Amino acid sequence: MTITTLAAAIEGLRPSYPIIKSIPGNHSIGVFGTLWNLSPQPPLGSYDATLDGVALTAPVTGAIPWTDPDGSNRAYLGRLEITPSRADIGVVVPAILADRLWHNGGIDVTSTSAQSITSPTWPARDEVGQANGRGVFLALEVSAAMGAATPTITVEYTNSDGVAGRTGTNIFPAPSSAAAETTLLISLQAGDRGVRSVQSITLSASWLSGTINLVAFRPVFYAVDTATVTSSVYDVITACMPELYDGSVLYVMWHNRSTSNAGAILGSFQPTWG
Amino acid sequence: MAIASVDDLIAGFNQMPPQFFHKAITPTLVSGRPQSSWGLGGIPGGGSFDTTLAGVALSSSSALVNGQIPFYNPSGTKLSYLSLFNAIFSGVGGRILLVDRLWHNGGFTITSGAAQTVDSATFPARDADGATSGKGVLLGVEISSAAGAAAPTITVSYTNSAGTSGRSATNAFATANSPGAGAFFPIGLQAGDVGVRSVQSLTLSASWLSGTMNLVAYRILAEVASPGASLGGPGADALRGGLPRMYDGTVPSLLLYPNGTTAGYLSGQMIVAQN
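Just so you know, the protein sequences line up as chains A and B, in that order. Number 66 in our numbering belongs to position 66 of the first sequence; there are no gaps in the numbering. Number 59 in our numbering belongs to position 59 of the second sequence; there are no gaps in the numbering.
Looking at chain A on its own, in the form it has when it is part of the complex (with noise of 0.2 Å):
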């Protein structure tokens, strides 16, 4: 069944799970960064080590928790809040709240030659519930700090509509040094509407030294905020309530926007269910 009145929207909220993530500094202005390899709640994640990955489907340690619902019955986004804990950490939203579908590792940081991967097949979880991509992005996490070097990374994947031989480079410059957590999000090709799955990266140079892991995330929710300290409080009207398919792998990226001081970031997230 699906929700279709406010009522059965209210009737459906499941209960809050908390966000506390503390946050380190020294994250380069206007990147994203990950909450995935950062504790204490959900415990901090962890990488695959090969390149061709692993696909992921809940319970993930590093995700939000999550229960798929019972029945017939449907998950969408029913409340989320971000908050930063300091206006001068640098961290505010916007964050995305996404559903991590894959992740690998192993990746040569000093190699520029095309590194082979051949990505398992992703869950059904691409922006309609399927596995074909569509809706479903690439982004760079740096699970160790990297070496001082601005590479531009390439990446070949198939698109969601199965052609082969696609490419995408990051979308933000690579900061030199690097710190962990930091996410580069790779570009579509043209006409591209998402990945279904990756076939190689490749580094313009090398990057010296650190651990660099590729993802693929369906963006769930975007949320902004007009103030650096402010909540960013969304509710099932104006989320719009997106679908989470059952075995989500749920966790929030966030924006460096000016500092790169430590603090945290605290939230809350809740589903409901119809």
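Just so you know, not all the hints are guaranteed correct.
Unchecked claim - Here are some, though not all, of the chain B residues that point toward chain A, as calculated from beta-carbon distances under 10 Å: (1) Asp7; (2) Ile10; (3) Gln19; (4) Lys23; (5) Pro27; (6) Pro44.
To be verified - Which stretches of chain B does chain A cover? Using the computed rule of at least three CB atoms under 8 Å from a CB of chain A, they are: (7) 61-72; (8) 232-245.
Hints in this document: simulated from the structure, not taken from any laboratory. Computed from a predicted model, the values in this text were never measured in an experiment. Just so it is clear, CB atoms sit at the ideal spot from N, CA and C, and this is done for glycine as well.
Given the coordinates of chain A, work out where chain B should sit on it, guided by the hints.
Relative to the frame of chain A, chain B by itself:
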């Protein structure tokens, strides 16, 4: 059916998935002068331009247009409404417009001071009333490759939405030397007009020396503020945004009015309710 209640709105959610965008705004910006993201890479990928003066009508009904934020027609007799548009600009903030791109052209001789005949193709039935009359349809000149060091006045001759021909208007923002790719110069309307039905000609007051320019017809769907770098204003949700109709074949794209010159990225989402 139309959305006429909160329950109608909720029932209309999730008929079309939310659409996320993230575009790098890399050209040199001018404070207050619009910048189009149409040709820029990111999510979605960059779009292209037509090369004929008559141009092409744009529609997503049979296939998405390269460069557009995805939009999918509703099923059956359902109607589409913008239920949320929120966005930020990471550079210096500004105002961000979500527009429906109805038509664009190319093939201008950017060095010519003569009237260049356009005789535009019929615009799609996506004016403010979902018709082809042009109510609420505006024009703008978009630079697709950097122009030369000159600042001509742009005059467009058009037929207004009431069907009156021989109307004339010029660029609402002064052109400038060497505008980069993506620079966008809205064209005004002659007094009394509320939209453009078709375009007959375009004239530059002087040579722009080099580069490529294109004329675009568009309708504004929503506008949000990004009051500072990476800050978002209250989004255009169903209540604040007024639930503007999005007609079948809509080609959503973005215009940025930056508050300064710092480059950055344009990021946000568009959510459509269909019922």
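Hints and how they fare:
no. : hint    : in the structure
1   : Asp7    : holds, 4 Å
2   : Ile10   : holds, 6 Å
3   : Gln19   : holds, 8 Å
4   : Lys23   : holds, 8 Å
5   : Pro27   : violated, 15 Å
6   : Pro44   : holds, 6 Å
7   : 61-72   : holds (count 4)
8   : 232-245 : holds (count 7)
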